[in-house]
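Go by the hints and put chains B and C onto chain A.
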Amino acid sequence: MKIRIGVYICHCGINIAGKVCVEEVNAFASHLPHVALARDYKFMCSDPGQEMIEKDIREAHLNRVVVASCSPRLHEKTFQGTCQRAGLNPYLFQMASIREQVSWVTTDADDATRKAKTLVAAAVGRIVQHHELSTRQVSVHPDVLVVGGGIAGMQAALDIADGGHRVYLVEKRPTIGGHMLQFDKTFPTLDCAACIGTPKMVQVAQHPHLELLTCSKVVAVSGYIGHYNVTIEKMPRYVQEGVCTGCGECVKVCPVSMKSEWDEGLTSRKAIYQAFPQAVPITYCIDKKDRAPCIQACPAHVNIQGYVQLIKQQKYREALRLIMERIPLPGVIGRICPHPCEDRCRRRDIDAAVAIRDLKRFAADQVDVENREIPPIEEKEAKVAVIGSGPAGLTVAYDLRRTGYQVTVFEALPQLGGMLRYGIPDYRLPPRVLDAEIGHLLRMGVETRTHTSFGKDLMLKDLQDEGYAAVFMGIGAHQGIAAGIPGESGAPEVMDAVDFLRKVNAGESVSVGKKVAVIGGGNVAMDAVRVARRLGADPAILVYRRTKMEMPALAEEVDSARQEGIDFRFLTVPVRIIHPHQGGLGLECLHTEPGLPDDSGRRRPVPIAGSEFILPCDTVILAIGQQIDPAALDPQLLPVLSMEGWIQVHSQTMQTVIPHVFAGGDAVTGPASAVAAIAQGHRAAEAIQRYLEGLSPAVDEIPETQANAWRSLTQDMHSLPRETAPQLDPRHRVTGFEEESGTFDPLQAVRESERCLNCGGCSECMACVTVCEANAIRHAMKPEKITVDVGSIIVATGYDLLDPSPMKPFGYGRYPNVFTSLEFERLNNATGPTGGRILMRDENGLFSSPPEAVAILHCIGSRDIHYHEYCSRVCCMYALKYGHLIREKLGHQTTIYDFYIDMRCFGKGYEEFFRRCQEEDICFIRGKPAEITDTAITSAEKGKLVVIGEDTLLGKPFRLPVDMVILCTAMEARKDAAEVGRILGIAQGRDGFFLEAHPKLGPLNTATDGIFLAGACQSPKDIPDTVAQASGAAVKALSLATRGQVEIPSAISRIDPDICAGCQTCIGLCAYSAIWFNERKHISVVNEAMCKGCGSCAAGCPSGAAQVSHFRKKQLFAEMDGLTAALHAVGM
Amino acid sequence: MTDFEPTILAFVCNWCTYTAADLAGTSRLGYPKNIRLIRVMCTGMIDSQYIIKGFLEGADAILVSGCHPGDCHYINGNYKARRRIKLLKEMLPRFGFASERLRLTWIGASDGIAFARIMKRLVDQIKTLGPSTMKTDGIRIDLAKGKPS
Amino acid sequence: MTDLFEITVTNQNLRVALNGFLKKVLQADGIGGVLAPMRLTAKQRVMPALITDVHCLDDADLPAPVFPINSARLVSRLTRKPLGAKIAVVMRPCEIRAFVELVKLKQGRMDDLVIIGMDCLGALNREAQAAILENGAGEAERFYRQSLWEGIADEKEIPLAEACRMCIAPAPEGADMALHLFGMAPDDPIRVQAATTNGRELINRLRLPITTVSPKRQAALKALVDRRRATAERVSAEVESATRTPDGLRAYLADCVNCYNCRVACPVCYCRECIFVTDVFDHEPMQYMEWATRKGTLQLPTDTLFYHLTRMAHISTACVGCGQCSRACPNQVPVAELFISIGRRTQAAFDYAPGRLLDEAPPLSIFRENEFEEVVGI
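Chains as they are written, first to last, in the numbering used here: chain A, 22 to 1153; chain B, 95 to 243; chain C, 3 to 380.
Just so you know, the hints here were simulated from the structure itself, not pulled from any lab data.
One or more hints might be untrue.
[Claimed, not checked] Here are the simulated distance ranges between beta carbons: (1) PRO1078/A <-> VAL266/C: 20 to 28 Å; (2) ALA1049/A <-> GLU275/C: 48 to 56 Å; (3) ARG211/B <-> PRO1078/A: 27 to 35 Å; (4) ILE368/C <-> ARG937/A: 56 to 64 Å; (5) ILE368/C <-> ALA1049/A: 38 to 46 Å; (6) GLU275/C <-> LEU58/A: 53 to 61 Å; (7) PRO54/A <-> GLU275/C: 24 to 32 Å; (8) ARG211/B <-> GLY866/A: 54 to 62 Å.
We treat Cβ as the ideally placed atom computed from N, Cα and C, and that holds for glycine.
Excised from the complex, chain A in its bound form (with noise of 0.2 Å):
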């Protein structure tokens, strides 16, 4: 069709006509290409004006209309109107701003008339390649998502309700009601926070339209206005809703305090606990930190802090039970645990760490293993044979049997126990206490064989003969392995300390030389060598090549071998023994340096040449490594060895190659600790078990999340010394065998369990399940995540207030006595620490005499450019506020200063409460203070905090001494906000908050259209403003849900599926995730309902497949063309 352009040029009285020659600019645009007609008149926005354009459009049958005026932003709606009245699409008009641009801005009069005629040829060139556009509509789910459920969150989610929609309120915190409901009385009316907000938070809890989410936030979003899909993960409670009576009765067992962010840290609560008692819902919470480092570090993950909490409570039966979850042989490994877990333990940030083996060994000398429970057992048919009784064996024994399993264990040895018994020598580890034990496990129906050598009397096929259905192998590494270094064999002077140890264990008697040498640097060395003392060596003397720090032995052990006078040689390396026909042998070292690191990170010992000397000894003992007895193997299992000689096996279950036998402890893992060994025992036992039940042995493990967040180390965590249980006297020790530590008396237990930290927060110690009637408590909850469909959202997430630990010169956190406002609320609230009080803390830190003076300060944080520009809006009422209930509550003999920058009392009813507070004797000097201090110079400051500053009214400096401080610290945005705005696709200002569509017109609309703002999320508001805006949201979100659908704008991107090559460039630049990649035509496509028509895409386009229609290149490059043709024409 041809095209027929039809070009007006509006006088606008004289304001464009007084400067540009109007008709000149009609006369040049008539002869522009495709316009069939142009006019000039004196207003185009008039009724004539535009009865001109519709008329012209009806009988002049144009197709293209260029009104050359104002500013688009001023009319060009009226004229697409004008367009539309006529039957033409308002898309095929374009507007020239010939006054903004022209008459206005420009002086001399020709110049002018040459830029209108410019811009009126750019307009007409552009318009040539206009297409109609048509609206569109898109449908809305009538559900609504509120996110926060504070003031702001519950009036619109109750007015939303009301309207009949239902309504998702999600909350993070345990209870709803937010900062208002930790208020005590309310500006300037003075009612108080609870009584007009508990009733609200009933009406959210009881609304038959209202879903209420706590402990819940929402991680994604996607979709767009009318149809938005809402991920929520809700939080564990670990206490479920609707069971819970809210009795308390767990509270009052609980073990672990922490601090109560209800009352802003100012008393503690429990880990299970109720935010406040109006709490809603009423369901109490329990508070689970990540995973305490101990019981991560702890091989078999022990529940060290649960059973440091029971002993706390002096339930040591309790404690006992929640250790042999997971160590069967508590006593033993109480005593001879290498506790990695106290290496991590956090108190040594503090002073030492937490002595948590004693403690073990504590619980478990606490219950006579008699009668120790033994747990209910259902029986099960399936035989499991163990091979070997060390830790790793009886583990397995243990668990299999606790689930039913007739398990046989076979030991080589008469007696039961492994490298525990053979292994570890008397004075660690009494016989008496494995004894016991061992028996413990008996009693609960482990059969046994000893005497019966597994490769020799025994082989795998006898068992499967037998009809055991699985194996386990904990044959340990019971052969020492040989220095290499002539001369070491064959006299009987020399021998190897696993043989060593293993007689003296048994009983044998062994008889050493006078003067002893060890050589290796192991616990097992170390062991050789104080076993030799107790023998009678003297000297006793261990060699090792390299420093005492890259000694492998415990520190303890090496400190108490040093007490008994060892001998020790460091950078000394054994090259041979030498025997002399007559008299003692003679070790041959040389002496070492250290040299460059090697793979195990610790330098390699060099030796130098030359410094060969002459040990002289009679009894040279190696402990240099173990290896496993290849006798005590049956030979099928050969190729299951690795080079190395360990048995290799699956990390996770232990399983073997042949699939019934699995293997753990050091035939796995080499020489290694009990406890490691008694952790690969469970995972074999576990994979045995799903064998036996016929599953794949191996489960995809979901590896805990351990973001190691931790209870926080405060301030007030002062130091306690660590106990130490008694020990022998070294002169005594080296006389026998005799134990050489003892255990700790009860009141050294809990002194030491006190000490423990909580990093875990609740300590799952089950104290509160075993109290609880309505059997509401469920420790293994697990995070859950729904989704919701809604068609819009309202935003309410409030604010957090500003910390002022950081700004020095207030002092607070260093003076007891400066409080932060919040703070102040809590203090002043009938709920609160002092039951509504106000009092002052005392040099212990409790709550204990009223002040006689107090000072608030204005704008902390607030109206500061190194803090906060803006001004927190409250400040000054709540400061007037408290001004006033200090009056009230303690009378005329306090004083009270408030100190203020300027008064903004703009709300209603608060100038007058101003001139209330003026009459109540508060001394309101104006001025900001500049610090608070403690350092009297006046008897009068004597232990008082002294406000310093300027009365800058006066212009006189002044020292003020009071007894309490209150901080009226800033409102800012939350401190995730950002994170909150990507989820949900809305922006922040500069000051943090969120940022509204318009601050005018569109306060309560976010960029995204269907996502509003309500309350302090925004910026600070004080209670009316912030639920009037809350219920301004609602109405925007209700209006949308009545209508049922939404137009969306037209001038959006398009992208052109034969061009576009699917590099989905476009996609990562988009603002509004509104571009979805088909991955079967492998082309990008755009969610018209999500664009923006920003035009990102378009720009990030090379092919120009992705354009913004109404912005299209072709459209631009002749609007271009049209100028620069026109330039031409006319010149500048």
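Just chains B and C now, with coordinates in the frame of chain A:
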């Protein structure tokens, strides 16, 4: 050269700089006649082709102007524009084309005064710089010298 | 555990040795085919071919110093969607880099590939290339004897393509397996390195003898790179001074006839349809007349300079310097030299190296809040 009147194209975003231009108008703040505004919804939609074409068609300078960082009506369009300008400013000067001819500024909706001031400053600068030689067609080649006359 | 293995070379025949290696690769289970340059019976030309029959590998010709097409485009074709089999592809370093760029732009996937890279001595220029091909496979040996074994420094004697002479990245970075040739003597074995776990998996199945690092390779590589960097500097300097002014640039591109061959040959020009052939540039006849009248003369075809500048803006940051654009130009416009010299600047500006890392996003596909403040303001 004082009689030189440069042609300056300004691609401005609808929400900030175009509004500022309107404000300059309604406040009757005069500025040189050499500016020609081209209104786009966001600086983020300004294709490098517009700028290249603009210069080839004889613009002596091109201004791209949008919302201040953080104020973009479309969240971050202005950041994307900044990268494209960076690229062109690396590329074009390589051909002896003064970098000052391609400019990027942020002029907020309320900065009417700033708008007028910046337009004036820009025109002065380009006047001292002289005409651009990027313009393609229509230049007569003097065969003797092989240079534009 | 070493990651180096060796391929024995008998009577100095690289081609046969490499073909032997490729056969092993093709026979390894899980490998469905091999994409490699192959001798065609037609005119002895060497073209990439997807080979599945082991015997056909006798005609593969990896050492041939010819570069008819950047195989990145072909591989992208093959991997846009699942291929149904894993294939090994032999690519020059610049082809690998180009492919990495294409993968970033979702024009191909790494999933079904084992990329075999080879130390690249470059390819001959268009004229020499034709000659050497006619004279059969043996000629390639001569090329390698000269440039590898006799180490002839002046690459003028070996008529290398300009882009290759400017290439400062001749080692196969980013390959799963890298064939090491630099520094080897005629009878040395070729070393092949497992550079990724993907490569390692395959190589383990080839049962090649393991070996140690070549003592001479690093030095040889460095020498080559130094030499080429010098050339690159020199040529870029020449190009820069030639295109110092807009008129210089116009003169440089004067022979361009808008055939768009350069963008067709360019591996990183990935658009399905170049914007210059879309309706954006499809003007009404009277429009041309209007322009002509306005300007006095309207050079036809229009927009040549516009085209090249736009292309620079679009892909100079992704230019891998393979030189295919120059090869493709019917009028011998040295496009590659220009784009390489521009690329050096634009890439540096965004601290971007095309083809270096898969997760390195193309400069114009991302942005940061605080950056390039220097370009703002008047």
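Taking the hints in turn, this is what the structure says about them:
1. PRO1078/A <-> VAL266/C: 20 to 28 Å: holds, 22 Å
2. ALA1049/A <-> GLU275/C: 48 to 56 Å: holds, 55 Å
3. ARG211/B <-> PRO1078/A: 27 to 35 Å: violated, 47 Å
4. ILE368/C <-> ARG937/A: 56 to 64 Å: The hinted range 56 to 64 Å holds for ILE368/C and ARG937/A, with Cβ atoms some 58 Å apart.
5. ILE368/C <-> ALA1049/A: 38 to 46 Å: holds, 41 Å
6. GLU275/C <-> LEU58/A: 53 to 61 Å: violated, 39 Å
7. PRO54/A <-> GLU275/C: 24 to 32 Å: 28 Å Cβ-Cβ, so the 24 to 32 Å window holds.
8. ARG211/B <-> GLY866/A: 54 to 62 Å: Between ARG211/B and GLY866/A, where Cβ atoms are some 60 Å apart, the hint holds.
In summary, the structure is inconsistent with hints 3, 6 from the numbered list given earlier, while agreeing with the others.
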